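Student: Could you put the whole structure together from the sequences, leaning on the hints where they help?
Residue numbers (UniProt numbering), protein chains in the order written: chain G, 1 to 249; chain W, 1 to 649.
By construction, these hints were calculated from the structure, which means they are not laboratory data.
Among these hints, one or two may not hold up.
[To be verified] DSS-like, lysine-lysine: derived pairs with alpha carbons at most 27 Å apart:
| hint | chain 1 | residue 1 | chain 2 | residue 2 |
| --- | --- | --- | --- | --- |
| 1 | G | K11 | W | K633 |
| 2 | W | K44 | G | K47 |
| 3 | W | K567 | W | K610 |
[Claimed, not checked] Just so you have them, the derived chain G footprint on chain W, three or more residues with Cβ under 8 Å:
| hint | region |
| --- | --- |
| 4 | 184 to 191 |
| 5 | 278 to 291 |
| 6 | 393 to 400 |
| 7 | 559 to 568 |
| 8 | 602 to 614 |
[As the list claims (entries may be wrong)] Label pairs and their calculated CB-CB ranges:
| hint | chain 1 | residue 1 | chain 2 | residue 2 | range |
| --- | --- | --- | --- | --- | --- |
| 9 | W | E546 | G | K47 | 46 to 52 Å |
| 10 | G | T142 | W | V486 | 30 to 36 Å |
| 11 | G | G134 | W | E323 | 55 to 61 Å |
| 12 | W | Q363 | G | K2 | 27 to 33 Å |
| 13 | G | S191 | W | N38 | 34 to 40 Å |
Computed from a prediction, not measured in an experiment: that's the story for all the values here.
Backbone N, C-alpha and C fix where the C-beta goes; we use that ideal spot for every residue, glycine too.
As a plain string of letters, each chain reads:
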Amino acid sequence: MKLTLRVWRQKNAGADGAMSTYEVDGISPDMSFLEMLDTLNEELIVKGEDPVAFDHDCREGICGACSLVINGDAHGPERTTSCQLHMRSFQDGDTIDVEPWRAAAFPVVKDLVVDRSAFDRIIQAGGYITAPTGAAPEAHATPVPKPDADFAFEHAECIGCGACVAACPNGSAMLFTSAKVNHLNVLPQGSPERETRVLDMVDQMDAEGFGGCTLTGECATACPKGIPLPSIAAMNKEWLRAQRRVARR
Amino acid sequence: MSTYAEYATGAPVVDTKAPSGPVNERWDKRRFEAKLVNPANRRKHTVIVVGTGLAGGSAGATLAEQGYHVVQFCFQDSPRRAHSIAAQGGINAAKNYRNDGDSIHRLFYDTVKGGDFRARESNVHRLAQISVEIIDQCVAQGVPFAREYGGLLDTRSFGGVQVSRTFYARGQTGQQLLLGAYQALSRQIAAGNVEMHARTEMLDLIVVDGRARGIVARDLITGKIDTYFADAVVLASGGYGNVFYLSTNAMNSNATAIWRAHRRGAYFANPCFTQIHPTCIPRTGDHQSKLTLMSESLRNDGRIWVPKAKGDTRPAAEIPEDERDYYLERIYPSFGNLVPRDIASRAAKNVCDEGRGVGPGGQGVYLDFADAIQRMGRKAVEAKYGNLFDMYQRITDEDPYEVPMRIYPAVHYTMGGLWVDYDLQTTIPGLFAIGEANFSDHGANRLGASALMQGLADGYFVLPSTINDYLARNPHQDELSTEHPVVQEVLAETEDRLNLLLSVDGDRTPDSFHRELGELMWEFCGMARTETGLRKALERIPQIREEFWRRIKVPGTGEEFNQSLEKANRIVDYLELAELMCLDALHRAESCGGHFREESQTADGEAERKDEEFSYAAAWEFTDTGASPVLHKEELTFEYVHPTQRSYA
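Tutor: This is the structure in structure tokens:
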């Protein structure tokens, strides 16, 4: 396959960026999208040019590092991560646009690399269960109904890639935040911190400059792990419940 | 011919921390004998932790909970992305919830035997003891393990054992356990007890007056190289499988932290013990950047076969039952498709070498679920393995519900690593190594679902107990000055190395060298090794190294985000470590676990261990780049599990 790539190039956080055009040839349909970019970078290095910077690590769709907007879609045309997108999804002769996540809360570091540390700070605000090492009771002391365990797992699958934010016209992090709130709040182990968790995480989310949710649903469509849109409604319910209970205290 | 292979043998290395007495009392005894640090004094102590995987994340969180000031590093953009996240299958624990005859002693026995009698009994027993606490800890953190309808935890059996002791979270156990540790760490970051440096990579170790006192690290965004000081340094930087270029490791996983520590005096043990995982997706072409593993839990229900005839290119469906060779079931009737990883991998290589492999280039064997789908129904298979099947289909564009999967072995895990004593302390006082970075518990072969167990055992429970003893015996010292001559020297060496990489301005990319080294290692230091092959590799590696420093091309500068520079610098260390791996493989003229020397096999082609000569851990001392290292042997004694030739027939 022969392709034309239009890639966002930006030297650093402070510099202006622009789209640059590259031709790549000899691309196999079995290559992953990132292997296609590897091919481009190998050529750029030999020519003495700066290769395109992009985040990637496990290349099996679980670490959440890769983060490309491909032809306007977060992670591209398939419902998966950029690293698990294969070139067989494209046609010979295609022109492909490659951009970084676009969101006020995710500033560009270089080229296609962005700073997602805001997500870490949302988790730090309450996305955990306080259980210091050594303090745990026997694992079978608290059975968890299977539907609750499955609900927790479904939300715990979030890989923190940020596609939800990139896809949202408001740059909202509601899907990410709700995934963690729902994972932990449904479990008996997470119940003692149920109210503070949702209130503190939502506060932090707002403080980071993420936009509000207008139920566009782009987030859940882009999510490579299939975190469902009702997750946001469930978090809103948790938040209202927590507001009322805290007000009563 | 280089003289690298003419190594000298030095004094034996002895684990002075291992307690004596009954094996099941040793951990208690050690914990009681270990000195404690007064809670009020702990905050005065700084501990550096490098890495945020299962071992590093859990250690950082736990040390901070105990009151220590932790300064932690990861090269990823977030501690949540460490490669432990990719572990699929599960975590072992001797809970015996199934009432199927499991016990701490059985897990201990299975691990020593599975490791082919090249691990310490004391360490392995401790691991088995702690395994039960890990499950309790993770459940308390909200890790969503699979559960039964009654609300209790589900378990499954896993490669190489006959009990159901593996706890799992669908095919994402590593992710869920890692997020548990990451969340505990996040809580400590928010509390100000952990100072977290993401996108910061350790480039060297600072050793002052014989003690580890800090590290040199580079901010990967600004390129700034800085020094960080502490009372103790913990390396949790993972394994070195990426020496092979193609492996199941994440692209950025690397050996720099442990290799630089080795160069500063930490012995490197059993570097040739690498694990080749039998169930990976075969490569598709030269563009391949990494390999993807599929959980070996698939072997519970999938049947492995190849055509009986050589060069049979018919599609799988057209090959009648009596023309298929279910070779694992044939050769190992009692374990069948569940034999340990090294045996399954080698058997796959053998049938492919015979010309009976399937798929492109004949580098693959079938893993067939037709029987399982017939027996359990498609729905049940989907519930159990759905995400793995999806992943396979996404990568290969083939539907495993319709046609058998094709699999081939790939480098997956490294049992070798920095030598540590029972306290997980390296030969440099104050430098500890945990998780895959050390060599401690798996001997010559790791059993499935034991990596997660070891990472979390080391991080949550072992290190936080044993590091107290070191800190109590080595009271807090004044912070080092950046002007200290040793600090200045280490800093200058690091800067010089990076500047040199940038200034060569040759004509070859970092990846081209990495690929060349990887292919060499896969051919001569992979699944089967010979003296001739290893000597060839030992001759070739210094030549590649020389060419590297002549022809490497690293664009850009050191004062910016520069992924080519990061890569090139890691390859510098692979080019040295590879040599040590080959030497270790050459010197160990026996077959054991993942190390198969063709010269040492039984009449029917099984690995032949030579206990009289090689019942030791080989701990290597660095001398100089390209100069032969010094071998220190740690003799292994077995009081509880009597060494036998492994038999899975």
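Student: All hints are to be evaluated individually against the structure, with a verdict given for each.
Tutor: Hint-by-hint comparison with the structure:
no.	hint	verdict
1	G:K11 <-> W:K633	violated (51 Å)
2	W:K44 <-> G:K47	violated (52 Å)
3	W:K567 <-> W:K610	violated (39 Å)
4	184 to 191	holds (count 5)
5	278 to 291	holds (count 6)
6	393 to 400	holds (count 3)
7	559 to 568	holds (count 4)
8	602 to 614	violated (count 0)
9	W:E546 <-> G:K47: 46 to 52 Å	violated (25 Å)
10	G:T142 <-> W:V486: 30 to 36 Å	violated (52 Å)
11	G:G134 <-> W:E323: 55 to 61 Å	holds (58 Å)
12	W:Q363 <-> G:K2: 27 to 33 Å	holds (28 Å)
13	G:S191 <-> W:N38: 34 to 40 Å	holds (35 Å)
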